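Student: Using the sequences plus the hints, can you model the full thing?
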Amino acid sequence: MSIIERIFYLMEQQKIKSSELATFLGVNKSVVSTWKKRNTNPPSEMLVKICELLNVSINFLLTGEDAKKDNELNDEETYIITLYRQLNERNRIKLEGYIEAELLRQRENINKKSSFELQENIIQKEKKELITK
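Counting from 1, position 126 in the sequence shown corresponds to residue 154 in this note's numbering; the numbering is continuous, with no gaps.
If you are wondering where the hints come from, they were derived from the structure by calculation, not from laboratory data. The model shown is predicted, which means the values in this text are computed figures rather than measured ones. Hints are supplied without guarantee of correctness; some may be wrong.
[What the hints assert, rightly or not] Taking lysine-lysine pairs in the DSBU-like style, the calculated list, with each CA pair at most 30 angstroms apart, reads:
id: 1; residue 1: Lys45; residue 2: Lys77
id: 2; residue 1: Lys64; residue 2: Lys43
id: 3; residue 1: Lys64; residue 2: Lys45
id: 4; residue 1: Lys57; residue 2: Lys77
id: 5; residue 1: Lys57; residue 2: Lys43
id: 6; residue 1: Lys77; residue 2: Lys65
id: 7; residue 1: Lys77; residue 2: Lys122
id: 8; residue 1: Lys57; residue 2: Lys45
id: 9; residue 1: Lys122; residue 2: Lys155
id: 10; residue 1: Lys65; residue 2: Lys45
id: 11; residue 1: Lys77; residue 2: Lys64
[What the hints assert, rightly or not] Cβ-Cβ distance ranges computed for the label pairs, FRET-style:
id: 12; residue 1: Glu124; residue 2: Ser47; range: 34 to 44 angstroms
id: 13; residue 1: Ser47; residue 2: Ile86; range: 15 to 25 angstroms
id: 14; residue 1: Phe88; residue 2: Ile138; range: 26 to 36 angstroms
id: 15; residue 1: Lys43; residue 2: Glu136; range: 19 to 29 angstroms
All residues carry an ideal CB built from backbone N, CA and C; glycine is no exception.
Tutor: What follows is the structure, encoded as structure tokens:
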């Protein structure tokens, strides 16, 4: 089922009219009708609002599948927990310290990268301004 088919299926289930969707999105009813007639998907910037109206997740709208719950673990996470539980208390504390240090380094690298990109953007703007003058 395509995204647009899923949208109209959910609208039918919830008894939502095309005109109501159009009003909610702030577009003309003919826009919504065209999506249905041509079997074309709405612009991506409208999908979140459509999900709000239909009370579904973006993942469900895009794939037809419910996203896994945040508290569900994948196989890799389960394996890591299994290994962690095999450690003695001393090694658990060492591992937790290592993970915290790595997270801190990761955040610092992200901040450095963001700062560098900001400086590069400023330099590029200044160059453009000098060229246009």
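Student: For each hint, tell me whether it holds in the structure or not.
Tutor: Against the structure, the hints come out as follows:
A C-alpha spacing of about 15 angstroms is found between Lys45 and Lys77, which places the hinted pair at or below 30 angstroms, so the restraint holds. In summary, the hint linking Lys64 to Lys43 is supported, as the alpha carbons are separated by about 16 angstroms, within the 30 angstroms threshold. With a C-alpha separation of about 12 angstroms, the suggested pair Lys64 and Lys45 falls inside the 30 angstroms cut-off, and the hint holds. Taking the CA atoms of Lys57 and Lys77, the gap is about 16 angstroms. The hint holds against a cut of 30 angstroms.
For the given pair, Lys57 sits about 16 angstroms from Lys43 by alpha-carbon distance, which is consistent with the 30 angstroms threshold. For a cut-off of 30 angstroms, the pair hint linking Lys77 to Lys65 stands: about 21 angstroms separates their Cα positions. A distance of roughly 46 angstroms separates the Cα atoms of Lys77 and Lys122; the hinted pair therefore is violated under the 30 angstroms criterion. Restraint check: the Cα-Cα separation between Lys57 and Lys45 comes to about 10 angstroms, which is no more than 30 angstroms; the hinted pair holds.
Note on Lys122 and Lys155: the hinted pairing is violated, with a Cα-Cα distance of about 49 angstroms set against a maximum of 30 angstroms. Between Lys65 and Lys45 the CA atoms are separated by roughly 15 angstroms; this keeps the pair inside 30 angstroms, and the hint holds. Straight-line distance between C-alpha atoms of Lys77 and Lys64 comes to about 18 angstroms, which keeps the hinted pair within the 30 angstroms bound. Between Glu124 and Ser47, the C-beta spacing of about 56 angstroms breaks the proposed range 34 to 44 angstroms.
In this structure, Ser47 and Ile86 meet the distance hint of 15 to 25 angstroms, their C-beta atoms being roughly 24 angstroms apart. For Phe88 and Ile138, the hinted distance range of 26 to 36 angstroms is satisfied, since their beta carbons lie about 30 angstroms from each other. The hinted window of 19 to 29 angstroms between Lys43 and Glu136 is violated, with their beta carbons roughly 53 angstroms apart.
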